[in-house]
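Visitor: Chains as they are written, first to last, in the working numbering: chain W, 37 to 593; chain A, 37 to 593.
It is worth saying that the hints were derived from the structure and are not from the lab.
Where hints are given, some of them may not hold.
Since the list gives no way to pick one copy over another, a pair counts as held whenever it fits inside one copy or between any two copies.
Taking lysine-lysine pairs in the DSS-like style, the calculated list, with each CA pair at most 30 Å apart, reads [claimed, not checked]: (1) 379 with 535; (2) 73 with 56; (3) 259 with 535; (4) 84 with 56; (5) 535 with 574.
Protein chains: 2
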Amino acid sequence: MSDIEIAQQNEAEEMQPIVKVAATVGLSEDDLELYGKAKAKLSLPTLKRLQNHPQGKLVLVTSINPTPAGEGKSTVTIGLGDALRLRGQNAVIALREPSLGPVMGMKGGATGGGYAQVVPMEDINLHFTGDMHALTTAVDTLAALIDNHLQQGNALNLDPRRITWRRVLDINDRSLRHVVLGLGGATSGTPRESEFDITVASELMAVLCLASDLADLKARIAKIVIGYTYDRQPVTVGDLQVTGAIAMLLKDAIKPNLVQTLAHTPTLIHGGPFANIAHGCNSVIATRAALALGDIAITEAGFGADLGGEKFMDIKTPVLGKHPDAVVIVATVRALKYNGGVKLADLTAENRAALATGFANLKRHIANMKRYGVPVVVAINAFTSDTEAELSDLKQLCEASGATAVEADVWARGGEGGLALADAVTAALNQPADFTPLYDPAASVKDKIATIVTQIYGGGEVVYDHKADLALRTIAKNGWANLPICMAKTQYSLSDDPKKLGAPTGFAIHVRDIVPRLGAGFLVVMTGDVLTMPGLPKHPAALDMDVSADGVISGLF
Amino acid sequence: MSDIEIAQQNEAEEMQPIVKVAATVGLSEDDLELYGKAKAKLSLPTLKRLQNHPQGKLVLVTSINPTPAGEGKSTVTIGLGDALRLRGQNAVIALREPSLGPVMGMKGGATGGGYAQVVPMEDINLHFTGDMHALTTAVDTLAALIDNHLQQGNALNLDPRRITWRRVLDINDRSLRHVVLGLGGATSGTPRESEFDITVASELMAVLCLASDLADLKARIAKIVIGYTYDRQPVTVGDLQVTGAIAMLLKDAIKPNLVQTLAHTPTLIHGGPFANIAHGCNSVIATRAALALGDIAITEAGFGADLGGEKFMDIKTPVLGKHPDAVVIVATVRALKYNGGVKLADLTAENRAALATGFANLKRHIANMKRYGVPVVVAINAFTSDTEAELSDLKQLCEASGATAVEADVWARGGEGGLALADAVTAALNQPADFTPLYDPAASVKDKIATIVTQIYGGGEVVYDHKADLALRTIAKNGWANLPICMAKTQYSLSDDPKKLGAPTGFAIHVRDIVPRLGAGFLVVMTGDVLTMPGLPKHPAALDMDVSADGVISGLF
Chain W
37 MSDIEIAQQN
47 EAEEMQPIVK
57 VAATVGLSED
67 DLELYGKAKA
77 KLSLPTLKRL
87 QNHPQGKLVL
97 VTSINPTPAG
107 EGKSTVTIGL
117 GDALRLRGQN
127 AVIALREPSL
137 GPVMGMKGGA
147 TGGGYAQVVP
157 MEDINLHFTG
167 DMHALTTAVD
177 TLAALIDNHL
187 QQGNALNLDP
197 RRITWRRVLD
207 INDRSLRHVV
217 LGLGGATSGT
227 PRESEFDITV
237 ASELMAVLCL
247 ASDLADLKAR
257 IAKIVIGYTY
267 DRQPVTVGDL
277 QVTGAIAMLL
287 KDAIKPNLVQ
297 TLAHTPTLIH
307 GGPFANIAHG
317 CNSVIATRAA
327 LALGDIAITE
337 AGFGADLGGE
347 KFMDIKTPVL
357 GKHPDAVVIV
367 ATVRALKYNG
377 GVKLADLTAE
387 NRAALATGFA
397 NLKRHIANMK
407 RYGVPVVVAI
417 NAFTSDTEAE
427 LSDLKQLCEA
437 SGATAVEADV
447 WARGGEGGLA
457 LADAVTAALN
467 QPADFTPLYD
477 PAASVKDKIA
487 TIVTQIYGGG
497 EVVYDHKADL
507 ALRTIAKNGW
517 ANLPICMAKT
527 QYSLSDDPKK
537 LGAPTGFAIH
547 VRDIVPRLGA
557 GFLVVMTGDV
567 LTMPGLPKHP
577 AALDMDVSAD
587 GVISGLF
Chain A
37 MSDIEIAQQN
47 EAEEMQPIVK
57 VAATVGLSED
67 DLELYGKAKA
77 KLSLPTLKRL
87 QNHPQGKLVL
97 VTSINPTPAG
107 EGKSTVTIGL
117 GDALRLRGQN
127 AVIALREPSL
137 GPVMGMKGGA
147 TGGGYAQVVP
157 MEDINLHFTG
167 DMHALTTAVD
177 TLAALIDNHL
187 QQGNALNLDP
197 RRITWRRVLD
207 INDRSLRHVV
217 LGLGGATSGT
227 PRESEFDITV
237 ASELMAVLCL
247 ASDLADLKAR
257 IAKIVIGYTY
267 DRQPVTVGDL
277 QVTGAIAMLL
287 KDAIKPNLVQ
297 TLAHTPTLIH
307 GGPFANIAHG
317 CNSVIATRAA
327 LALGDIAITE
337 AGFGADLGGE
347 KFMDIKTPVL
357 GKHPDAVVIV
367 ATVRALKYNG
377 GVKLADLTAE
387 NRAALATGFA
397 NLKRHIANMK
407 RYGVPVVVAI
417 NAFTSDTEAE
427 LSDLKQLCEA
437 SGATAVEADV
447 WARGGEGGLA
457 LADAVTAALN
467 QPADFTPLYD
477 PAASVKDKIA
487 TIVTQIYGGG
497 EVVYDHKADL
507 ALRTIAKNGW
517 ANLPICMAKT
527 QYSLSDDPKK
537 LGAPTGFAIH
547 VRDIVPRLGA
557 GFLVVMTGDV
567 LTMPGLPKHP
577 AALDMDVSAD
587 GVISGLF
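All chains, full assembly: derive it from the sequences and hints.
Guide: Structural data, given as structure tokens:
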């Protein structure tokens, strides 16, 4: 059965009213704003109340560098939550929201797979509770207000060539990557070049995910730089005097969404910034709510541990005020063999040598995460093609690197398939953690970048393009240098070359540009080409989708 | 107090759970999909069940041509519903959904005013239940799929210069009226000129509003023409094989939304196509639900009776399979004096002569609506500046034109202020109606247009631009000539010149172009310049909006 078929069968048979799921973590119907019977938002007063709750332990799920073989990070995260519940632990899951663009293109949704899914998967993968649409509207309303400012006399002296705020759609639309807008004469705007991004790549998504509450959201929105004047002074949303309007458009999007796994584990799904151009973690508000509601909160970070993992530790942790108590790194035998040079078509054949070679990638990520002073568990997401010998090799290699490794078979068996992982994670949570951040934000920008490149990526030199040097000057001039670093790098390699698998060393990282994100509170370091508006493939998934006269969806995956 | 203050005070004190409101028209909680405590969608099975219910009577609320003085059509519609309930009638209201773009610009929302409002007004005027966002996403996903078709080899031989499908945003953004997209080289699309509309101007909105159910929605979507091949053959959504995906994105948007007035009258708010470029009425599905749930269903049409009113009769009525049993025309003394030549600043002064002159506009609309064989009531929406003499004159003028006229003071007094109107409407509903459509759809396109222009507008000649003649040839060649006509004309005048107030005669109407809308099932006749993407004003309403740390909105109006 496909993921959607498993989900639909279970939704019909077993999905509980969300008020019942909420009750298992002490939430009453008054704490919820229902969206249908199976989805709800936590109300603002409830979120406020939860801020004073004692906090549970935090588990961060991350992974090796993604490969075409698939790792199943969300699936393991969900299965781990279900398994902990089976062991009698009060576990709560906190995930990112899917983006609709990739769903219509080629990627599956972000709701896990098999018997480790969150439901209702169709709703979550489509419009859900409208957060993504509210963000799109807020981003594009701000853009319209900026162009209208030019139209109505440009009192702020904004340079049309230096507007950095981009419109977005939650759609994979390559035709909007580079546009000329404002054509058609004096009543239809100022002609200028511009770009559209996918919604999750917008700074506003990162802002929403790092905000503590509505007041903090407003403070962050006001600080967003939308462009520069003709004399190169930054212009902010606050300068435009539209902070209130933009925050107003997000008044519901700021509230985390509660759904359930197929096993009824309470799951907060909220926020989903890119893990390259942004920090790739779900919202601080939802993570805090999960920590308040659960004795164990399980969350994931985007892409591999070099991107989402590092950023969780160095960008999200300081804002959250809470570091992970244990880290789970998801790997598969298949993906490690791919890292060891095996072609996609040959991954089902046993190949212990390639596994040993490809393990270098996982080994680097284990060392990187352990470096933060937090216990690390490796979850080997099981595939039927894995052989006993390969699994045994992999476990030994992990142990030798200082991490417990356990198989997880949650796709096929749900929480039952994750009991060993749950036990290993519980043991890790009982170990002492001595969290140490990677760098001091007060260090120079170049020092912070060098630290990430050498200590996390295993690289050597950092090469700065002229544009990046100019950006460093702007950053210094405006006093923005003490912000943490958000590396925008390919997710497929520890280097900035997606073809370099395994654990390359000695490579140079090329910094093209550095983009200050004052609202989010980080500096985005652009390396290589980072695509912020995906395209659709030759055969988009949309061609196979349908909805019946009774509203039943098919072909979503 | 402002509208939002009245709404917020009453929401806090008196708004009922929507399940309670639903119960007053026989709907159980199982019939609803809740969106918070005060909003709900009717489920698909419930809508199916309601199709077999006996239908109540239908009241259509329309108005004179809009003026800057304001007429208050929605306010009167809501007040009439409340008043009928006070008289013990089972009234249900069916309104259009507001567009967010104008809300951020200068227009008030579409939720009525004073003590005749639907609530929660902030939610309804902002993201509501996400219908508008789902439409935006569906329209733009279709656009991305079209450009991707070009990108991936253009198997359908689509002419990039003749793509007629436009992207949309629910935002007033003049900078997107004329754009060049697809720049940036071979991997970023095919460069071409294009335009963005506001969401409510898209054919897909009209399609959603005219569809009977999901199956009909799909059939209509498949028929939408998105462009032409190099050899001028129409290309449809069905040809692109993405009908299922686009319909899937609207699976929730197709369900009508239930809210309440301040007096708890059940109100369905669903769909909101432009009344110039489209037919300007709420959805057929919601109107049918209102007819099934209420003994009297009250609905409104956009702009004046020449646009929304005519289109209700000739486009919506045949699809609905039910004609209005009575028509209410909303007018104000102020607006009629404006039609009589008085300037906006002088409207508070008594001016019986100007009223008598300006009455020509209302008189034409009364005659037009009576022409359909349906009883007509004039609602005089009261303003404090109206004098006894003016009101008495106006009533006499209406009586002489064959329509009962009654004052309605619902803004200040809610349903209590609409009792006389309710009684007049009830009397009208007891009169026999003998509905006669204006034209036979099988007539030639030019004949149908001439009928509307001469019999409704009071005009003479119809002048066709070369482009319109070419369009007529395309329409004839493809067998589309038997579709009803959807006039795209300025709302401010019975003519195509917004400055011609009152009841002009003998004028010519200039047809620039005729756009076939095969999914909606009408031919849009473009006269003059019809703006399908509004702009923001010098001081956008957004500048005065805010949300407090507790989520309370201010400055929405």
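Visitor: Are the hints correct? Go through all of them and say.
Guide: Okay, the hints, checked on the actual structure:
In the homo-oligomer, the alpha carbons of residue 379 and residue 535 lie at most 30 Å apart inside one protomer (13 Å), although the nearest pairing across protomers, at 72 Å, exceeds that limit. Proximity of residue 73 and residue 56 under a CA criterion of 30 Å is satisfied in both settings, with 10 Å inside one chain copy and 17 Å between copies. Proximity of residue 259 and residue 535 under a CA criterion of 30 Å is satisfied in neither setting, with 38 Å inside one chain copy and 45 Å between copies. Proximity of residue 84 and residue 56 under a CA criterion of 30 Å is satisfied in both settings, with 22 Å inside one chain copy and 29 Å between copies.
In this assembly of identical chains, the alpha carbons of residue 535 and residue 574 lie at most 30 Å apart only when taken from the same copy (23 Å versus 51 Å across copies).
Checked against the numbered hints listed earlier, the structure breaks hint 3 alone; every other hint is satisfied.
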